[in-house]
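Colleague: Below, each chain spelled out in residue letters.
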Amino acid sequence: MEVEWSLVWEIFPLSILAALLAGLVCPQVGNFLFLRRTGFYGVALPQFAACGVAFGFAIMPWWVAHVGIGGLDLDTALEDTHAAVNYHMAWAGVFTFGGLGILYLFGQKPGSEAARIAAAFALASAGTILFAHASPTGEIFVHELLRGSILVIGLHEFETLAVAFGFVALAMWWFQRGLLLVSFDPDTARVLGLGVRRYEALLVVLIGLTVTIGSLTVGPVVLFALLVLPPLAASHLARSLRSFRWISSLIGLGSAALGLQLSFAFDLPLGPTIVAGAGILLGLSLLPFLSLGKSRT
Amino acid sequence: MVVKTTRGSAKGILYALLTSLLLASIPLAEVRVVATIPDLADIVREVGGDRVKVTAIAKGTENVHEVRIRPSQIIATDRADLFVQMGLSLEHAWVPGLLTAARNQDVSVGGKGFVNCGEGWEALDVPADASRKRGADLHPNGNPHFNLDPHSGPHMARKILEGLLRVDPDGREYYEANFATYSKALDVALKRWEKQRERLKGHKIVVYHTEFRYLTKFLGLEVLGTIEPKPGVPPTPSHLIKLIESLKDQRGFVIVTAAWSNNRQVAELSRRTSAPVVELPGMVGSAAGVDTWIGSMDVRINKLIAALEKE
Amino acid sequence: MVPQTGSCLLSMTAASFGYGKQEVIGGASIAIEPAEFIAVMGPNGSGKTTLMRGVLGLLEARSGRVDRGDTRLGYVPQRESLDRLYPLTVLEVVRMGAFGRLRHWRTKSRGDENLCLQMLERVGLEGAHSKPFSSLSGGQRQRVLMARALVMQPQLLVLDEPTSGVDQAAAEGIRDLLLSMVREEGLAILLVSHQLEFVRTCASRALWVEGGRVTEKSKESLLQNGSVEALLAAGKKAAKEGIQA
Ligand SMILES: [Zn+2]
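Chains as they are written, first to last, in my numbering: chain C, 116 to 412; chain H, 4 to 314; chain L, 1186 to 1430.
Quick caveat, the hints were computed from the structure, so don't treat them as lab data. Some hints here could point you the wrong way.
[Stated by the list, open to error] Derived, one-sided and incomplete: chain L residues facing chain C with beta-carbon distance under 7 Å:
id: 1; residue: Y1204
id: 2; residue: L1241
id: 3; residue: L1273
id: 4; residue: M1281
id: 5; residue: H1289
id: 6; residue: C1387
[Claimed, not checked] From the derived model, a few chain L residues whose C-beta atoms are all more than 12 Å from chain C:
id: 7; residue: D1268
id: 8; residue: G1285
id: 9; residue: A1354
id: 10; residue: S1365
All residues carry an ideal CB built from backbone N, CA and C; glycine is no exception.
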């Protein structure tokens, strides 16, 4: 199919920039989830955010009557997700950070972390469905928000995404040593005088922020794919931590670029196509190993 | 295919092809229209004729409340001169996002090229209490599926005509002539349907969503129940149990669904009550041969007659 | 790097350490001078690791006093406690030793880069700097961690079971390296170990930890064949497995 790329750029600058930015930044956060063997968080946390969004919808009539959402009337608040995006982000944030807090508290107790996160994921998923059920507009708007509205991203959402992800990227770079050492070898970090708790808290904030903002802009599924798949692919290819970080972000960026290309060329929904792009790149990253395995046998 | 032609006729064909291509690429004041559903697109074609080029967003088989937007549709909306929606919150989950993304002032709400067919339509089932405190409901402004009302053709056509006259006043004569022709066709069709409904009066059905509310009222069908407890809310166990209980002593009814809602709950209810499932075209384009709004209504009524007279 | 002789690097007075409500070490008093090689020994579960964590400042003293002055500490953790999932190169691991003195966003500085390479040479791993850390043998990884600890430019080096699971030759290499650091640079070493043979050949004195009590054992008592074995045998049965492991 013939695509007029200049036209695509003219109409979708925000969507394209948002996808590329998410492709670049999410893997940096995902790297830590992967290396700390908490990749499960990449699945569970967007689900917390989703649960928060559904909860926000469910209590919206009460909220509009008693607190108010920037002067919006209930119908507008319910139906114009762009107008009420700060409200949705706030609830996504409350649930994401709340979920992180609960997981952290339970993390002090012995037991399998994977099982705990799986349980939390199941609860958040059920919560999402139940809250959506109680929402004045049923599940439709919750679905609409959660399937990823990256193609129809508004200016305000884009600005929020750019500021938040820019902050995350900057903090990741500025505090890279501390974040690395605290994750890899916390005892040595403490001996060297790095504040382990402060760095852990920073990481939680960065993860939570990425998930909260990402869930409502690129959508939980794209977010999950960009958090989890690029580090996984990079781990097969990287020969050093430095190259791991570069490759991971390049794969994230490549997934976004490939997804954009395929989406516009074949007129497919953007979000799932980005996920497919990440999957394709993950598959390609495994190819050298497949051929190696063959030559061995 | 092997085509054997003389040199001369080949040249002639080439010439004809080129001229037709050239003619096609020079539109005569072409008005670009985006319609949210294929039913509206069909009526735009009837009224707009050769002066319009129309794109429909939802596919005939989709749930109109929940439509996934693709890039080409945003591009089409960005370039559109006229945007036609049903309104009454039918497309409220995806039209605002689409219009925001397209950033086309002409077709945004209140713009010259924005047509809201729901305006001026007297909806059924308008909630007495508009506070939304009664829980989930996808139809806060009454039932928005009036494209499935056999009476609604003239209303939608008139709204579209008004929109076309606003954005392309030069085509007035042309549009009004088309409108008159189409109105006659609608009138003939309505007479036909009114005759057909005599055969259906008093028959009983169960529906999934309340999308056929206007149609069943027109046909005088008795709706025994809805599989969704409320519009947009998937069936809960207790609701299904109640529904099955209440249908226990009923005989000779059918379960009416559309493509998007012909799901496992419907199959289960059919198994429990041994009532057959009839899948009606939800919109134009939902099945092969359902190409026009009038045609889709014919298929619906004929299918219902065939199913209910058998029961 | 050479500390002033005579000045006490670390003193601990009647200090107690523990986790939550449980006290693991009670009333420990230690003084560590430069160029000392101190072994911490005792049965499994007796609190050796707790004492070490107290020395490093990873655990706050619940009572008593720990005075580290401005002594620079170096730490060599158990290599198995480090996740091999991290795709770190040898040099990237060694560089971490300098993290305490770098400006925020940087991961290396030129001076430290030279120091890192020097220390890798010192531990006998010259030329290995770009190899993946996780692909090295146990003994090699141990030496990388020692190079990292040396990059911390410590006055007191704390090692947690450096020779467990390492073959005889590698263990001897590690011992020689530690001894040369004590002799040439006056580094003080605190080493937690199960391996009596290893300790006997290098430690200048030993701290015996048992039942939450820390007692001093002289070099002589370590040299007396049988005395420590008897103590160990008297300890928990699990301790025996630990020594043999
Ligand atoms: Zn509906």
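Colleague: Are the hints correct? Go through all of them and say.
Modeller: Hint check:
1. Y1204: 12 Å, violated
2. L1241: 5 Å, holds
3. L1273: Check passed: Cβ of L:L1273 comes within 5 Å of chain C, closer than 7 Å.
4. M1281: 5 Å, holds
5. H1289: 6 Å, holds
6. C1387: 23 Å, violated
7. D1268: Incorrect as stated: the minimum Cβ-Cβ distance to chain C is 7 Å, not above 12 Å.
8. G1285: 4 Å, violated
9. A1354: 27 Å, holds
10. S1365: Non-interface label stands for L:S1365: nearest chain C Cβ at 23 Å, farther than 12 Å.
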